[in-house]
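Please work from the sequences and hints to get the whole structure.
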Amino acid sequence: MQSSPTYIAAQHIILSAVSHGLKGCLVDFFNLENINRVLYLPDYLTVEFIVPVGYPNEKGNPVNVNDRNNVFYNHWK
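Just so we're aligned, residue 1 is where the sequence shown starts under the working numbering, counting upward by one.
None of these hints come from the bench; they were simulated from the model. Keep in mind the model is a prediction, meaning the values are calculated, not measured. By construction, the Cβ of each residue, glycine as well, lies at the ideal position given by its N, Cα and C atoms. Check the hints yourself; a few may be wrong.
[Said to hold, decoys possible] For each label pair, taking beta carbons as the anchor points, the in silico distance ranges come out as:
1. Ile13 x Asp67: 25 to 33 angstroms
2. Ile35 x Leu15: 21 to 29 angstroms
3. Asn74 x Val38: 45 to 53 angstroms
4. Val71 x Val18: 24 to 32 angstroms
5. Asn70 x Glu48: 26 to 34 angstroms
6. Asn66 x Arg37: 42 to 50 angstroms
7. Pro62 x Ser4: 47 to 55 angstroms
8. Tyr40 x Val71: 47 to 55 angstroms
9. Leu45 x Gln11: 15 to 23 angstroms
10. Ile35 x Tyr73: 41 to 49 angstroms
11. Glu33 x Tyr55: 14 to 22 angstroms
The following block contains the structure:
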């Protein structure tokens, strides 16, 4: 549910991190039992996703998302 309040909160965390020169991403594929065990969570709590935040290792290059050569119609070239 990407419109759930927890996803919206995660998006705000990531946007806030970026505004401070940090990077973050949303991770929602993990072994739930292991995460709950490592974090010592009681049975009535669970992790929906993880939001790692930190300083980027390198500067990324801007990507031209409007490149019409990357648009395919009716079939993959």
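Verification of the hints:
In this structure the hint that isoleucine 13 and aspartate 67 lie 25 to 33 angstroms apart at CB holds, the actual value being about 30 angstroms. Here the CB-CB span from isoleucine 35 to leucine 15 is close to 24 angstroms, well matched to the stated 21 to 29 angstroms. Distance hint check for asparagine 74 and valine 38: the Cβ-Cβ separation is about 47 angstroms, which falls inside the suggested range of 45 to 53 angstroms. Remark: the range hint 24 to 32 angstroms for valine 71 to valine 18 is upheld by a beta-carbon distance near 27 angstroms.
Separated by about 33 angstroms at the C-beta atoms, asparagine 70 and glutamate 48 satisfy the suggested range of 26 to 34 angstroms. A hinted range of 42 to 50 angstroms holds for the C-beta pair asparagine 66 and arginine 37, which are about 46 angstroms apart. Take proline 62 and serine 4: their Cβ atoms lie about 31 angstroms apart, and the range 47 to 55 angstroms is violated. Tyrosine 40 and valine 71 have their C-beta atoms about 49 angstroms apart, which keeps the hinted 47 to 55 angstroms range intact.
With their beta carbons about 22 angstroms apart, leucine 45 and glutamine 11 fall inside the hinted range of 15 to 23 angstroms. Our hint of 41 to 49 angstroms for isoleucine 35 and tyrosine 73 holds, since their Cβ atoms are close to 42 angstroms apart. Remark: the range hint 14 to 22 angstroms for glutamate 33 to tyrosine 55 is contradicted by a beta-carbon distance near 31 angstroms.
Violated hints, listed in ascending order, are 7 and 11; each of the other numbered hints is respected by the structure.
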